[in-house]
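Enquirer: Here are the chains, one letter per residue:
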Amino acid sequence: MIALENVTKRYGATTVVDDVSLTFGGEGIAALIGPNGAGKSTLFSLVGRLLKPDDGRVVVDGVDVATASSRELATALAVLRQDNHVAARLTVHDLVEFGRFPHSRGRLTVTDRDHIERAIDYLELDAYRGRFLDELSGGQRQRAFIAMVLAQDTRYVLLDEPLNNLDLRHMTEIMRLLRRMADELDKRIVVVLHDINFAATYADRIVAMRAGRVVADAAAGEVMDPDVLEAVYDTPVDVRDIDGRPVALYYS
Amino acid sequence: MSTAVAAIASAPAQRRPRRTWVGALIGVLLVLLTVLSVFVGVSDVSPAALLDGGRGSTAAFLLVASRAPRTIAVVLVGASLGIAGLIMQMLVRNKFVEPGTTGVTEFATFGMLLTMVLWPGMAVMGKMGVAAAFGLLGTWVFLRVIRAIPVRQLVLVPIVGIMLGGVVGSVTTFFAYRLDLLQSLGQWAQGSFSTVMQGRYELVWIAAAMVVVAWFAADRFSVVGLGEEFAVNLGLDYRRVVGIGMVIIAVITAAVLVTAGMIPFLGLVVPNVVSLIIGDNVRRAIPWVAGLSAVFVLACDILARVIRFPYEIPLSVIVGIIGAALFLWLLLRRRSHAH
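Respectively, the protein sequence lines represent chains A and B.
Per the numbering used here, the first sequence starts with residue 1, numbered consecutively.
Per the numbering used here, the second sequence starts with residue 1, numbered consecutively.
If you are wondering where the hints come from, they were derived from the structure by calculation, not from laboratory data.
What you are looking at is a predicted structure, and each value in this text was computed from that prediction instead of being measured.
Ideal placement from N, C-alpha and C gives every residue a C-beta, glycine not left out.
Some hints here could point you the wrong way.
[Said to hold, decoys possible] List time: in silico EDC-like cross-link candidates among lysine to aspartate or glutamate, alpha-carbon distance up to 20 Å:
1. 127/B with 202/B
2. 52/A with 202/B
3. 52/A with 229/B
4. 52/A with 180/B
[Said to hold, decoys possible] One-sided excerpt, in silico: chain A residues whose CB lies under 10 Å from chain B:
5. 59
6. 63
7. 70
8. 71
9. 75
10. 77
11. 78
12. 79
13. 90
14. 98
15. 99
16. 102
17. 104
18. 204
19. 205
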């Protein structure tokens, strides 16, 4: 379990994450939604030990992130940030191999190679393994990063806006893949999403943040409510039932 | 559809033979130029002369005292400068940095000047130590300054570095001018191997040792090159790896400065060329960068010796001309690729 206990983070006078208590890891996919600047990315940074909370603590499987060994944490928790701007020319295979770093420390064993091959197969990247990342399309690159996280072999996977800059087809592809990872590989995934319809379709639970606070935290169906969504995004959102599924309309 | 798939599948396979071929070429050139470097010079040191004269001959003496040390120095300085550039590019995540474009060389030079003023008789090892300490300070200052610049500002980072170097360099020049040490300063600024002799080049082995350290930590540098967030996610002690990289860069810069002087563009151009051929996986890139840098400096040093034979022109002039041209090409190529 990932537990945030009264976590607060401030940048100067602004409080970005305000006394948040949350638990992740009970369900396959939890979607984190909210307007820009709600504190979603900061929350990920706090869990991923990139930032230290000013107050409160983050606990992963009973261990305080602040005192845990970074390497051990890296075998339990993987965090993929939204800024995947990678200047280095690495091949897909190289990248996936680095996912084994917490386990191998650079010396690959048979088990490591096995994990690498399985991750590449799972993401259907075999044909691209020798390609450099800057030679891939956005969707392929995102899959390569997810393959790396998969090779890392952690129970918890945190993805910050993995659908950024992807077209419809690739967005759906990535979300289906996350669903499969949760169902088949028993991963516990927390994902930041901007498209709330993707959250409603694929997530088991939706956590909505606004101005550093959690304003809604429930099963996907319950959060898909006009009043709740309007309160989160400060803009009118209509929710219609289409073929038994709630669909949010916010285009006009 | 099927042809498209076939093209995708064969793309990596097509690249491989070319890489092996280029790698083999670098290896052959390295051996050839090393041999050539031993036998090029004013005095007659040829295989025939060596065989005729035996151990006590002038040729044998020159080989041991001058030609062999010079060749070893050229190879090791070249290789280690290339690696310093490569490591710096991984730490900064910018392809246009090297000790010479980030103020590190200028800081180290300031350190050298300081030893000349405050402790003129200091052993060369001590001078190198002081230069390395200042180089380390320079690396730290540069890394602090560029933290304010977004990673994507590819060209701004080296511009800031060059400005930083300019400021430190002018302070150094001012004191050298006031203390009548401009001539010594000019000597360091012009990289050359003409004064390398037995007993005056051994510090380059320390630079070579740094290459070995870099090789051992190669995977860590690759991961750091992916950014702090990636490195922390993979359980790496980011600060420590950056620290190790800074020491490698500073020590190599100082050792090269003390032995040969400034050699511009090398650490910048060679890793870029290698990156185009085999990519940035540091473990794979290190032998390529080291080999190609050594070949490059060997070729330039031989040119420096034969262009105005029997006189020598400074190596840094030749490296500067070829290196600057290559740098411009890389810069314009990048632009057209919209990176």
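Enquirer: Work down the list of hints and note, for each, if the structure agrees.
Expert: So, going through the hints one by one against the coordinates:
Taken as a hint, the residue 127/B and residue 202/B pair is honoured in the structure, with Cα atoms around 14 Å apart against an allowance of 20 Å. Restraint check: the Cα-Cα separation between residue 52/A and residue 202/B comes to about 46 Å, which exceeds 20 Å; the hinted pair is violated. Taken as a hint, the residue 52/A and residue 229/B pair is honoured in the structure, with Cα atoms around 14 Å apart against an allowance of 20 Å. Distance check on the hinted pair: residue 52/A and residue 180/B sit about 52 Å apart at the alpha-carbon level, beyond 20 Å; violated.
Contact between residue 59/A and chain B, as hinted, is not supported at the beta carbon level, the nearest pair being about 18 Å apart and thus beyond 10 Å. For residue 63/A, the interface hint is violated, the least distance from its beta-carbon to any beta-carbon of chain B being 13 Å, above 10 Å. Annotation: residue 70/A was flagged as interfacial toward chain B, and the flag holds, the nearest CB pair being 5 Å apart, inside 10 Å. Among the interface hints, the one on residue 71/A holds; its C-beta lies about 4 Å from the nearest C-beta in chain B, closer than the 10 Å criterion.
A cut of 10 Å between beta carbons decides the hint on residue 75/A: the least distance to chain B is about 7 Å, and the hint holds. Interface hint at residue 77/A: satisfied, since its Cβ lies 8 Å from the closest Cβ of chain B, which is below the 10 Å cut-off. About 6 Å separates the beta-carbon of residue 78/A from the nearest beta-carbon of chain B, less than 10 Å, and the hint is met. With its C-beta approaching chain B no nearer than about 5 Å, residue 79/A sits inside the 10 Å limit, and its interface hint holds.
Interface restraint check for residue 90/A: the shortest CB-CB distance to chain B comes to about 6 Å, inside 10 Å, so the restraint holds. A hinted interface residue such as residue 98/A counts as satisfied when its beta carbon comes closer than 10 Å to some beta carbon of chain B; here the least separation is about 6 Å, so the hint holds. The restraint placing residue 99/A at the interface with chain B holds, with a minimum CB-CB distance near 7 Å, inside the 10 Å limit. Checking residue 102/A against chain B: minimum C-beta separation of about 4 Å stays under 10 Å; hint holds.
Using the Cβ-Cβ criterion of 10 Å, the hint placing residue 104/A at the interface with chain B is satisfied: the shortest such distance is roughly 9 Å. This hint is violated: residue 204/A has a C-beta 24 Å from the nearest C-beta of chain B, more than the 10 Å allowed. For residue 205/A, the suggested interface contact is broken, since its CB lies about 23 Å from the closest CB of chain B, more than 10 Å.
Hint check: violations occur at hints 2, 4, 5, 6, 18 and 19; the rest are consistent with the structure.
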